[in-house]
Amino acid sequence: MYWGGNPAECHPRHFTKYTLMQKSKFLPRGRKDRTMVLVDIRETKSAKASDIFLQVRPGKDFELITILRAMIKEQHVGDEQIAETGMTREVLDDLVHRMKSCKFGCFFFGMGLSMTRGKHMNSAALLTLAAEMNAFTKFVAMPMRGHGNVTGADVIMRWQTGYPFGITFNRGYPRYNPGEFSTVDVLVRGDCDAAFIIGADPGATMPQPAIEHLKRIPTICLDPHVTHTSNLARVHITTAPQGIAAPGTAYRMDELPLPLKPALKSPYPSDEEVVRRINAAIAEKPFWLAEGSQPQMITNQV
Amino acid sequence: MTLQVIDNATCTFCGCVCDDIQLHHDEMRIYKAKKACVLGTAWFLNHTAEKKYPDALIDGKEATVEEAIQMAATLLHEADMPLVYGMSNTTCEAQKECVAMADQLGALLDSHTSL
Ligand code: SF4
Chain A
1 MYWGGNPAEC HPRHFTKYTL MQKSKFLPRG RKDRTMVLVD IRETKSAKAS DIFLQVRPGK
61 DFELITILRA MIKEQHVGDE QIAETGMTRE VLDDLVHRMK SCKFGCFFFG MGLSMTRGKH
121 MNSAALLTLA AEMNAFTKFV AMPMRGHGNV TGADVIMRWQ TGYPFGITFN RGYPRYNPGE
181 FSTVDVLVRG DCDAAFIIGA DPGATMPQPA IEHLKRIPTI CLDPHVTHTS NLARVHITTA
241 PQGIAAPGTA YRMDELPLPL KPALKSPYPS DEEVVRRINA AIAEKPFWLA EGSQPQMITN
301 QV
Chain B
1 MTLQVIDNAT CTFCGCVCDD IQLHHDEMRI YKAKKACVLG TAWFLNHTAE KKYPDALIDG
61 KEATVEEAIQ MAATLLHEAD MPLVYGMSNT TCEAQKECVA MADQLGALLD SHTSL
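Line by line, the protein sequences are chains A and B.
Taken in order, the first sequence gives residues 1 to 302; the numbers are from my numbering.
Taken in order, the second sequence gives residues 1 to 115; the numbers are from my numbering.
Bear in mind the hints are in silico, worked out from the structure with no lab data behind them.
Label-pair distances were calculated between CB atoms; the ranges are:
| hint | chain 1 | residue 1 | chain 2 | residue 2 | range |
| --- | --- | --- | --- | --- | --- |
| 1 | B | N8 | A | W159 | 20 to 28 Å |
| 2 | B | M81 | A | A204 | 22 to 30 Å |
| 3 | B | G60 | A | L289 | 33 to 41 Å |
| 4 | A | T66 | B | K61 | 53 to 61 Å |
| 5 | B | Q4 | A | K23 | 29 to 37 Å |
Covered by chain B, according to a simulated footprint, are these stretches of chain A (three or more residues, beta-carbon under 8 Å):
| hint | segment |
| --- | --- |
| 6 | 195-207 |
| 7 | 245-254 |
| 8 | 265-276 |
For clarity, every value in this text was computed on a predicted model and none was experimentally measured.
The beta-carbon is built from N, C-alpha and C at its ideal position, and this holds for glycine as well.
Turn these sequences into a full structure, and let the hints guide you.
Right, here's the structure in full:
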């Protein structure tokens with residue numbers, strides 16, 4: 001089940017390589033052994049590939065997920081409540097039956113779910129539905145990730161700090177609080193007084209107040225191109241594009257690490273090299289906390 | 001002219017990270033990306049090894065990489081609450097260095113995921 005995403009246009013090989021077409025030991029007929037459901041507010045190109053297309057009213061995803069959570073447990077749901085989401089009882093009864101009787105179900109959810117009314121509450125509701133479905137059959141949920149290696153960023157931050165994003169080290173140890181430490185909020189409130197941007201172009205994607213703040217403070221930008229962010233930054237360094245001229249590792253959206261095989265020899269240094277050199281230059285300067293007030297390592301404690 | 005061929009190269013344009021692409025290249029430019037989809041083909045063919053941009057810019061003026069690195073270190077070190085952000089279009093190795101940087105600076109650390 002794809003929810004609020006358009007893989008046909010945004011992840012073109014998702015169907016053929018991973019979800020629909022592949023033949024396997026338990027699904028020897030490939031596509032014929034699978035059912036694909038698409039939930040979206042618009043009939044996108046992906047609808048053509050689906051067996052069932054459910055057009056949900058804009059902003060009613062949370063309601064629809066909650067109704068499904070009730071229906072799988074055979075709790076009462078009113079007709080008006082179903083009508084509010086743009087669905088009918090027959091369609092949902094059929095869907096619930098299919099979900100319960102499948103051998104292995106998977107939700108892939110995109111920005112149409114996680115970035116519209118309800119935001120992360122929508123994602124949380126869908127994850128709960130997937131968890132609850134495991135009372136009947138095997139069910140999982142996975143976000144459809146965009147941009148190359150965002151998954152890698154999550155994995156690396158989790159590995160190094162214990163949290164996936166929205167972290168601060170301002171007390172000397174990592175703390176996590178999205179909404180307080182997430183970048184859009186930090187920039188819109190004007191909290192930070194310098195920014196180091198790598199492999200992203202907030203100058204083109206962030207809301208205007210956030211961009212205004214990036215212009216006010218010293219911004220440093222690493223990118224293979226001179227981007228919108230580079231134009232408002234104090235310092236821009238051109239780096240080799242990952243996977244084309246820079247070697248390394250990237251994570252697939254299901255968290256499988258894959259090695260990159262760069263073809264070209266770039267005249268620019270890699271991101272890794274530049275960041276390492278900046279770190280070395282920072283290490284030569286005095287530490288930001290006064291001597292004696294530095295966080296103690298566990299091994300030094302009595 | 002014969003082109004070099006790389007089998008099972010990895011495309012990092014979207015989250016699918018297809019690792020079965022065959023690239024035909026001459027170290028300056030990629031001419032063919034077999035098995036890649038439209039988006040992936042555009043990604044591979046649009047990058048070249050030419051020097052299209054200056055090495056580095058400080059306040060809009062061209063600079064060497066070393067100058068830019070020193071300047072970046074100074075600005076970040078001077079700040080009371082620096083922010084390290086992005087890390088989408090880069091390798092895990094570089095991401096790890098970014099976490100180290102945030103740790104060293106007592107900085108905020110965040111990726112695209114929070115958007
Ligand atoms: S080839 Fe297409 S589907 Fe595969 S990673 Fe590249 S852009 Fe995504």
